[in-house]
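Residue numbers (the working numbering), protein chains in the order written: chain A, 285 to 712; chain B, 285 to 712.
Some clues are possibly wrong.
A pair holds if it fits inside one copy or across any two, identical chains being indistinguishable in the list.
[As the list claims (entries may be wrong)] Taking lysine to aspartate or glutamate pairs in the EDC-like style, the calculated list, with each CA pair at most 20 angstroms apart, reads:
1. 707 with 696
2. 589 with 562
3. 591 with 529
4. 385 with 348
5. 589 with 533
6. 384 with 343
7. 687 with 702
8. 595 with 343
9. 385 with 423
10. 595 with 562
11. 384 with 394
12. 540 with 529
Hints in this document: simulated from the structure, not taken from any laboratory.
2 protein chains.
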Amino acid sequence: MENKEKRILRGNAVVGQSGGPTAAINATLAGVIRGVIHARTAAPDCGIVRLFGMRNGVDGLLRDDIIDLDALFDPAFGGTPADLDTLALTPSSGLGSCRKKLPAPGSADEEAVMGSLLSILRAHDVRYFFYIGGNDSMDTVAKLSAYADKQGYEMRVMGVPKTIDNDLMGTDHTPGFGSAAKYIAVTTQEILRDTAVYTVPAVTIIEIMGRDAGWLTASSALGRLVTGFEPDLVYLPERPFIFDEFYEDVAAALKKHPNVVVAVSEGLQCPDGSYVGEGTQSGSVDVFGHKYLAGTGKALELAVKAKFGCKVRSVELNLPQRCAAHIVSAQDIEESLAVGEAAVDAALCGVSRAMMGFARTGDEPYAYGIGAQNIADIANRTRCVPDEFINARGNQVTDACVKYLLPLIRGEMYPEYENGLPKHYIFK
Amino acid sequence: MENKEKRILRGNAVVGQSGGPTAAINATLAGVIRGVIHARTAAPDCGIVRLFGMRNGVDGLLRDDIIDLDALFDPAFGGTPADLDTLALTPSSGLGSCRKKLPAPGSADEEAVMGSLLSILRAHDVRYFFYIGGNDSMDTVAKLSAYADKQGYEMRVMGVPKTIDNDLMGTDHTPGFGSAAKYIAVTTQEILRDTAVYTVPAVTIIEIMGRDAGWLTASSALGRLVTGFEPDLVYLPERPFIFDEFYEDVAAALKKHPNVVVAVSEGLQCPDGSYVGEGTQSGSVDVFGHKYLAGTGKALELAVKAKFGCKVRSVELNLPQRCAAHIVSAQDIEESLAVGEAAVDAALCGVSRAMMGFARTGDEPYAYGIGAQNIADIANRTRCVPDEFINARGNQVTDACVKYLLPLIRGEMYPEYENGLPKHYIFK
Numbered sequence: 285m286e287n288k289e290k291r292i293l294r295g296n297a298v299v300g301q302s303g304g305p306t307a308a309i310n311a312t313l314a315g316v317i318r319g320v321i322h323a324r325t326a327a328p329d330c331g332i333v334r335l336f337g338m339r340n341g342v343d344g345l346l347r348d349d350i351i352d353l354d355a356l357f358d359p360a361f362g363g364t365p366a367d368l369d370t371l372a373l374t375p376s377s378g379l380g381s382c383r384k385k386l387p388a389p390g391s392a393d394e395e396a397v398m399g400s401l402l403s404i405l406r407a408h409d410v411r412y413f414f415y416i417g418g419n420d421s422m423d424t425v426a427k428l429s430a431y432a433d434k435q436g437y438e439m440r441v442m443g444v445p446k447t448i449d450n451d452l453m454g455t456d457h458t459p460g461f462g463s464a465a466k467y468i469a470v471t472t473q474e475i476l477r478d479t480a481v482y483t484v485p486a487v488t489i490i491e492i493m494g495r496d497a498g499w500l501t502a503s504s505a506l507g508r509l510v511t512g513f514e515p516d517l518v519y520l521p522e523r524p525f526i527f528d529e530f531y532e533d534v535a536a537a538l539k540k541h542p543n544v545v546v547a548v549s550e551g552l553q554c555p556d557g558s559y560v561g562e563g564t565q566s567g568s569v570d571v572f573g574h575k576y577l578a579g580t581g582k583a584l585e586l587a588v589k590a591k592f593g594c595k596v597r598s599v600e601l602n603l604p605q606r607c608a609a610h611i612v613s614a615q616d617i618e619e620s621l622a623v624g625e626a627a628v629d630a631a632l633c634g635v636s637r638a639m640m641g642f643a644r645t646g647d648e649p650y651a652y653g654i655g656a657q658n659i660a661d662i663a664n665r666t667r668c669v670p671d672e673f674i675n676a677r678g679n680q681v682t683d684a685c686v687k688y689l690l691p692l693i694r695g696e697m698y699p700e701y702e703n704g705l706p707k708h709y710i711f712k
Numbered sequence: 285m286e287n288k289e290k291r292i293l294r295g296n297a298v299v300g301q302s303g304g305p306t307a308a309i310n311a312t313l314a315g316v317i318r319g320v321i322h323a324r325t326a327a328p329d330c331g332i333v334r335l336f337g338m339r340n341g342v343d344g345l346l347r348d349d350i351i352d353l354d355a356l357f358d359p360a361f362g363g364t365p366a367d368l369d370t371l372a373l374t375p376s377s378g379l380g381s382c383r384k385k386l387p388a389p390g391s392a393d394e395e396a397v398m399g400s401l402l403s404i405l406r407a408h409d410v411r412y413f414f415y416i417g418g419n420d421s422m423d424t425v426a427k428l429s430a431y432a433d434k435q436g437y438e439m440r441v442m443g444v445p446k447t448i449d450n451d452l453m454g455t456d457h458t459p460g461f462g463s464a465a466k467y468i469a470v471t472t473q474e475i476l477r478d479t480a481v482y483t484v485p486a487v488t489i490i491e492i493m494g495r496d497a498g499w500l501t502a503s504s505a506l507g508r509l510v511t512g513f514e515p516d517l518v519y520l521p522e523r524p525f526i527f528d529e530f531y532e533d534v535a536a537a538l539k540k541h542p543n544v545v546v547a548v549s550e551g552l553q554c555p556d557g558s559y560v561g562e563g564t565q566s567g568s569v570d571v572f573g574h575k576y577l578a579g580t581g582k583a584l585e586l587a588v589k590a591k592f593g594c595k596v597r598s599v600e601l602n603l604p605q606r607c608a609a610h611i612v613s614a615q616d617i618e619e620s621l622a623v624g625e626a627a628v629d630a631a632l633c634g635v636s637r638a639m640m641g642f643a644r645t646g647d648e649p650y651a652y653g654i655g656a657q658n659i660a661d662i663a664n665r666t667r668c669v670p671d672e673f674i675n676a677r678g679n680q681v682t683d684a685c686v687k688y689l690l691p692l693i694r695g696e697m698y699p700e701y702e703n704g705l706p707k708h709y710i711f712k
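Go ahead and model the full structure; you've got the sequences and the hints to work with.
In structure tokens, the structure reads:
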């Protein structure tokens, strides 16, 4: 990495979470905390003196809302390291999140926002800044590191990826995706069982998250090479959605068997760029004058019902996709922890203005390495499902896609339960 | 039981599944199969010679679509009993299901339907009939046993309960309910984590199954006595839903904290008897002229958005509530197996025209017994959530309700996984 310098930089560290929550983002937080504890144990003068957590990302930091993570988790400061295991399997962003976009360089409010951010960081002598998040969060990392550099304030700024969408550049996949993909793959298998019980023709439409990239929707097909069961049709947002072709596909599927299951991405768009879920089919407006956003699954449910007259149901997998910590991928949790620790190690070695990412080094058996990527190559870009992962008709994924996805959902790991409910770690 | 006679009745047995699938209905099927294997092992001349399964309930039986379960599972007939463990944790109705309502006594098609049903049973020398299902299935049991009696055909007809709705009479609770309740309780805890991360006011509405009875919706509050977290508001179909009171409740909740979570039953009705999800608010009709059934959660999402202008999201838990076999209640699976075995034992002892049910014999520690109930007291009646389980305002459940529910979700049991996906048993 270009910005690497081996000299020990002494000061405090702060870690925050940003963007939409996932089932694994707290595992990465636990990884950062563990990384700091390990580094100080190995070398008391490693550089990081105290570790703070910012509440609600940079939004909370701007209000000076920070907590002492050492006191909670580091035994040297009276903390309980065992709580990190509970934290790692607690869904959502334990420290809270935000969706704040920092002002662009040269914009009117740059000084007001970036200036106060930096003065708060300076007041706490923060020299290490870890930000766990997706695309927007990497934008924060890029802007903050550039501003600190400009002001001559020495601080190592690291992005640690998380997003269920798997759409970040500079990494083979993203932490949090594997667990969401596992939830979707397992739930799709269960829905395939559920829909198979009747003999009357019926179409079930599963709506899956991923506005711009179809990785999550593709995961519904993961059973193909394991159980032999998968949805009849899978539509990703990487291809324009053509209603006439869709109707042909459904008719062909209904000829084969009565219980047709279709997986669709929430972000499907018609060739004219309108969203399928926009309600453009009916143009209906509710009593309050709102354009009715039925959702992609619901819109297609109504369309299939009108076209075929058969029983149709739509199932929006909704929030559980990103917070179902009761069915995580063990591979994902292991990697989410590891990438947090690796970010600490890299920063202590002098890396800055970078995002940690995964490189796949083997398929069967699956193997990976973790490295730092220049943040400029990553922020504000979307990694879509490539052409070779989608079939020619655009209504299924290829075996190559399934093979790419499979290692990411491997392994089970369950939270501890008490009286029938999972134990979660809650920051007071 | 009145119809009990100790004499050995020799002949074959048939088992079927009916109504909506659950995550535990195959456990009860496994229980019936195991019960027959055990009975024959204990006493080769117990009475049951061969055990068949009907495909798609009585619908399949009318087409003579039956399979030999002994050949699949009983080692004495070359079967693999270990497969019963996989079957028990396979969601949905493995044998298929149907929603057929048998003709009433004296109706025009009684002879056509009941007559051919009986002649098929007679042809296979079926003397034991086990039917796993909910309210409608118990109606089938009642009608079939009455008709067989009238025709002088000796057959012991047993209902084995299952329904996620928990709304059958004659039993403390129903097999399948505990697993659905656990899925709902766990998922609600996860959604509570997910919705807590932002600081802007937001309302999240969780729509839960249960058209007539609120047992499943009540289960969203299970965290109260375990984790301390529960939805702010819980509305059951047992109470009329009054929009003005709902708005007051939401306003009061938003004053306390920004992330309000509301659990609602799909079956909520306004005082005039219309369903909240009927789209009566907007009266909108889509381009095809269909009355738009938005769903209760979606209707309330739009209503809250219009009233408060804040961020609102609705989450319909949908099919996973009844098929999420990856997160079953161990207590429920144990009981579902046990009630299947008990049905066989009871029938062999001469019980007929009965449904097996649970009686709770202790709360802390929880204890239960299994007994047979006269089918006439059960069929076509709904057991609703009693008054003492709902608060005076009708917007939450009481502690007594939580205490009733808690033992039913206790314990975890996980299916076997292969390459990241659960192994399910599929009838060929």
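Each hint, compared with the structure:
Both within a single protomer and between protomers do residue 707 and residue 696 lie at most 20 angstroms apart by alpha-carbon distance, with minima of 17 angstroms and 13 angstroms respectively. For a Cα distance limit of 20 angstroms, the shortest separation of residue 589 from residue 562 qualifies both inside one copy, at 18 angstroms, and across copies, at 17 angstroms. With identical chains, the CA atoms of residue 591 and residue 529 are at most 20 angstroms apart within one copy only, with a shortest distance of 13 angstroms there and 40 angstroms across copies. With identical chains, the CA atoms of residue 385 and residue 348 are at most 20 angstroms apart within one copy only, with a shortest distance of 18 angstroms there and 66 angstroms across copies.
Proximity of residue 589 to residue 533 under the C-alpha cut-off of 20 angstroms is restricted to the intra-copy arrangement: shortest distance 15 angstroms within a copy versus 37 angstroms between copies. With identical chains, the CA atoms of residue 384 and residue 343 are at most 20 angstroms apart within one copy only, with a shortest distance of 7 angstroms there and 58 angstroms across copies. Taking identical chains as interchangeable, the C-alpha atoms of residue 687 and residue 702 lie at most 20 angstroms apart only when they sit on different chains, with a minimum of 15 angstroms there against 37 angstroms within one chain. Taking the shortest Cα distances, residue 595 and residue 343 sit within 20 angstroms of each other only across copies (18 angstroms), while inside one copy they are farther apart (47 angstroms).
Taking CA atoms no more than 20 angstroms apart as the test, residue 385 paired with residue 423 passes inside one copy only; the shortest distance there is 8 angstroms, against 61 angstroms between copies. In this assembly of identical chains, residue 595 and residue 562 lie within 20 angstroms of each other by CA distance solely across copies; the values are 18 angstroms between and 23 angstroms within a copy. Only within a single protomer do residue 384 and residue 394 lie at most 20 angstroms apart by alpha-carbon distance; the minimum there is 13 angstroms, versus 68 angstroms between protomers. In the homo-oligomer, the alpha carbons of residue 540 and residue 529 lie at most 20 angstroms apart inside one protomer (17 angstroms), although the nearest pairing across protomers, at 50 angstroms, exceeds that limit.
Checked against the numbered hints given earlier, this structure breaks none of them.
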